[in-house]
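Going down the list, the sequences are from chains A and B.
Using numbering that gives the first Met the number 0, read the first sequence as starting at 0 and increasing by one per residue.
Using numbering that gives the first Met the number 0, read the second sequence as starting at 0 and increasing by one per residue.
Keep in mind that the hints are not guaranteed to be accurate.
[As the list claims (entries may be wrong)] When the alpha-carbon atoms are kept at most 27 angstroms apart in a straight line, the in silico BS3-like pairs for lysine-lysine are as follows:
1) A:254 to A:265
2) A:172 to B:90
3) B:51 to A:228
[To be verified] Listing some non-contacts, in silico: residues in chain B with all C-beta distances to chain A over 12 angstroms:
4) 146
5) 237
6) 326
7) 390
Hints in this document: simulated from the structure, not taken from any laboratory.
Quantities reported herein were computed from a predicted structural model and do not represent experimental measurements.
Built from N, CA and C at the ideal position, the CB exists for glycine as well.
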Amino acid sequence: MLHIKPILSALKRHKVGTLLIGCQIALTLAIICNALSIVHQRITHLNRPSGVVESNLLVIRNDWSDAVGAAIAPLIRTDLSTLRQLPGVQVAGISYGYPLRGGGWNSAISTKPNDTSESLVGSRMFADDQVLPALGATLVAGRNFRADEVKMTDSHTIGAPAVIILTQSLAAKLYPDGSALGKPVYVGDSPTPSTVIGIVRYLAGVSAGSWADSTYDYVMLEPTVLMDKGNAYLVRSKEGQLDALAKAGPAALFKANPQRIIPSGKGEDAGVRTFSEVRAQGYKGDRGLAIMMTAMSAILLVITAAGIVGLTSFWVAQRRKQIGVRRALGATRHDIVSYFLTENFLISAGGLAVGAVLALLLSQWLVARFEMHQLSALYLLYGAMTVMLLGQAATLVPALRASRVSPVEATRSG
Amino acid sequence: MFAYYLQLGLRSLRRNPALTALMVIAIGVGVATSMTSYSIFRAVSGNPIPQKSSQLFVVQVDNYGPQKNDNGEPPQEIDYTDAMALFRAQKAPRQTVLYPALLSLLPGEPGATPIRPAGYAVYADAFSMFEIPFLYGGPWSASDDQNRATVAVIGRELNERLFHGANSVGRQVRLNGHDYTITGVIDTWNPTPRYFDPISSGPFGDAIEVFIPMSRAVDQQLITRGNTNCPGENYGNGWDAFLRSGCTWLLYWVELPSAAEATAYRQYLHGYAQDQQRAGRFGWAPNVRLRNVSQWLDYQRVIPPETTLSLYVSLGFLLICLVNTVGLLLAKFMRRASEISVRRALGASRRDIHAQFLVEGGAVGLAGGLLGVLLTGVGVWSIDLLFDPQIARLATLDVSLVAWTVGAAVLAAVLASFYPTWRAAQIQPAWQLKSN
């Protein structure tokens with residue numbers, strides 16, 4: 000039914016045009032399926048759960064300007080009671096390091112004392128007993144810290160904590176054969192053990208970065224307040240009170256003691272952030288790249304389609320006479336349309352075959368250069384189908400115009 | 000002639016407004032995406048100190064050992080023990096230790112709350128090494144370093160804020176509860192990427208606002224607000240134990256103006272590590288690095304992978320837009336075979352045809368380029384919606400970028416019209432006229 004041979008011999012007379020469309024289709028396929036694969040990876044990345052109940056959570060970063068050493072301890076206690084007395088506050092805790100903070104403290108952890116191999120590294124959070132409830136994290140085993148377990152110290156005087164809480168994934172990695180609960184772990188090649196007293200279902204590490212993809216949720220919490228570090232107050236508000244607290248919280252703290260620094264910067268440097276902002280800022284790069292790649296792919300498809308319309312229109316205009324002859328010799332309108340569609344199909348198929356090879360090469364290069372995942376065959380298939388359908392749709396417009404060429408054209412000269 | 004060709008070109012372009020618009024848009028969009036990506040790439044990949052980038056070196060000494068170091072690479076920063084030993088030796092013409100000290104500053108006006116300025120602890124040599132420009136005054140002296148003096152150099156913006164831009168040399172600024180005497184005010188200075196410490200402050204942060212002597216900062220036990228790595232976290236209690244520990248938290252920079260000096264210093268470093276091995280402090284063979292600014296920035300991978308990726312993808316995008324334009328121009332030019340034949344028959348040479356069609360292609364490119372400038376403007380303006388603000392603000396639409404944009408578009412379109420033009424000029428006038 001399809002007369003491929005005459006089409007091929009016609010194409011031979013339009014080598015450059017054919018080559019250009021084929022080239023464009025190949026490049027488009029190579030770029031869009033890699034771009035969409037990147038988008039997919041980024042979206043998967045930024046949709047990862049944080050393990051935090053993200054609504055109604057406020058993060059207030061606080062530093063002391065003059066107070067040093069032990070003098071800070073009572074100041075922190077006053078702050079916490081100030082915050083807890085505010086209307087609208089459910090829970091308030093203090094922590095150095097919280098999920099998606101944007102960097103923090105990482106420590107090695109092991110089941111052996113003095114283990115210097117550093118094979119397992121996780122985010123280390125220094126938290127009081129109110130941090131887990133403030134985050135809304137779920138314990139799957141064991142218990143939270145008790146208030147009397149919380150030590151106040153400075154960052155140069157930390158030892159191994161007596162008790163520790165781990166995320167489920169980290170606990171399972173350390174003790175693959177059973178529950179880690181009640182077992183000893185050694186933090187930062189310490190010679191003394193810490194006992195695992197609780198296991199949290201899930202908690203994101205301090206950094207959203209992709210460096211730690213597999214260890215992203217390896218988190219250890221210890222009942223320590225690092226007084227000399229820039230701590231954050233984690234405040235869970237009552238429903239609907241978050242915005243009011245974002246103003247009232249820092250104001251109350253300044254009223255209680257003005258000798259403090261709550262940074263006024265923007266983005267990650269902001270002193271007061273809702274957890275939604277923390278998440279948005281943590282994943283800003285991922286989201287930006289995803290949006291850009293999606294937009295580029297969409298524009299690329301439009302441009303390729305427009306290019307096909309343009310070139311096919313030109314061919315139609317060039318062959319008006321031949322079309323007229325064919326029509327006069329009995330070809331139906333349908334025959335004419337299917338001629339151009341088949342022609343585009345052949346070019347697209349060639350372009351897609353080359354494009355698939357290009358796409359895989361490009362993907363391999365991206366994997367090597369940017370530590371991406373390999374392009375899945377499914378993406379290639381979807382991409383090829385999209386480009387093919389697009390090509391056919393784009394050809395349809397000029398092909399229909401061609402089918403309306405009257406047989407009379409055959410008799411005209413020129 | 001040029002004006003005539005331009006007129007012909009414009010008339011022809013007006014004949015197929017949809018096709019023309021398509022070409023202009025394709026070029027404009029392609030150029031704008033590449034230029035937006037390039038504007039960021041250029042900012043993050045620039046040489047922050049071109050005149051000295053091969054004379055300034057960062058020193059790395061492996062005090063971790065083969066078991067703990069990063070696949071054979073020494074730690075990025077060095078510990079206090081090594082920093083002090085190297086500094087006491089004074090083997091380079093200029094050298095400095097530096098770290099981002101955690102500072103709090105109390106502005107003088109009543110009722111003001113403390114602020115956290117971006118501050119660094121350095122030695123006096125740092126100012127000449129990094130060519131830090133002064134608005135008023137100058138650096139402190141080497142004897143200030145020795146005496147752990149409470150002196151400071153502040154940034155221009157901070158001077159604006161604290162002293163309303165007046166010459167504040169000799170006045171006081173209150174840092175962490177102590178009064179520091181200002182010896183100098185820095186003019187606008189924020190090298191990008193921040194080569195002297197891309198680790199702790201990030202390569203693309205705000206300008207540094209306060210410098211104080213390293214000796215003073217350590218004396219006052221000012222902790223770093225930057226990166227600290229420890230080979231073992233159980234080094235004992237307190238500040239002195241921290242200083243004695245193998246924790247790496249300092250950067251060590253030397254200025255070595257000649258290749259001979261660099262070689263000599265490299266040998267000295269090797270010897271130093273050997274001495275440490277002999278003394279039993281290092282249980283491994285010397286493993287030291289001396290990287291100049293460009294090598295250091297490469298090693299630190301300061302260019303975010305997203306930026307490079309965007310650049311490559313948008314260049315691919317531009318390539319497709321160009322292929323597209325070649326196709327469309329070809330279609331357009333070939334359609335005008337008869338027009339070309341008539342012109343050739345009337346005596347136009349191939350060169351004339353070339354000129355005419357290249358002008359037409361160039362006009363498309365120019366229109367695409369102008370659209371590209373407009374869209375690049377939109378892109379640069381909206382880039383901070385998508386990217387990290389510290390990087391996004393580096394993207395600026397300046398004159399050279401506009402020139403680049405238009406130039407790239409015209410060049411792209413002229414290149415794209417080259418083949419169709421050649422084909423158009425190949426047409427045999429007689430053959431074409433006869434068939435009509």
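So, going through the hints one by one against the coordinates:
1. A:254 to A:265: holds, 23 angstroms
2. A:172 to B:90: violated, 48 angstroms
3. B:51 to A:228: The given pair, whose Cα atoms are some 36 angstroms apart, is violated under the 27 angstroms limit.
4. 146: Label holds. Min Cβ-Cβ 23 angstroms, cutoff 12 angstroms.
5. 237: Nearest chain A Cβ is 6 angstroms from residue 237 of chain B, so the label is violated.
6. 326: violated, 4 angstroms
7. 390: The assertion about residue 390 of chain B is violated, with a minimum of 9 angstroms to chain A.
Hint compliance for this structure: hints 2, 3, 5, 6, 7 are not met, and every other hint is.
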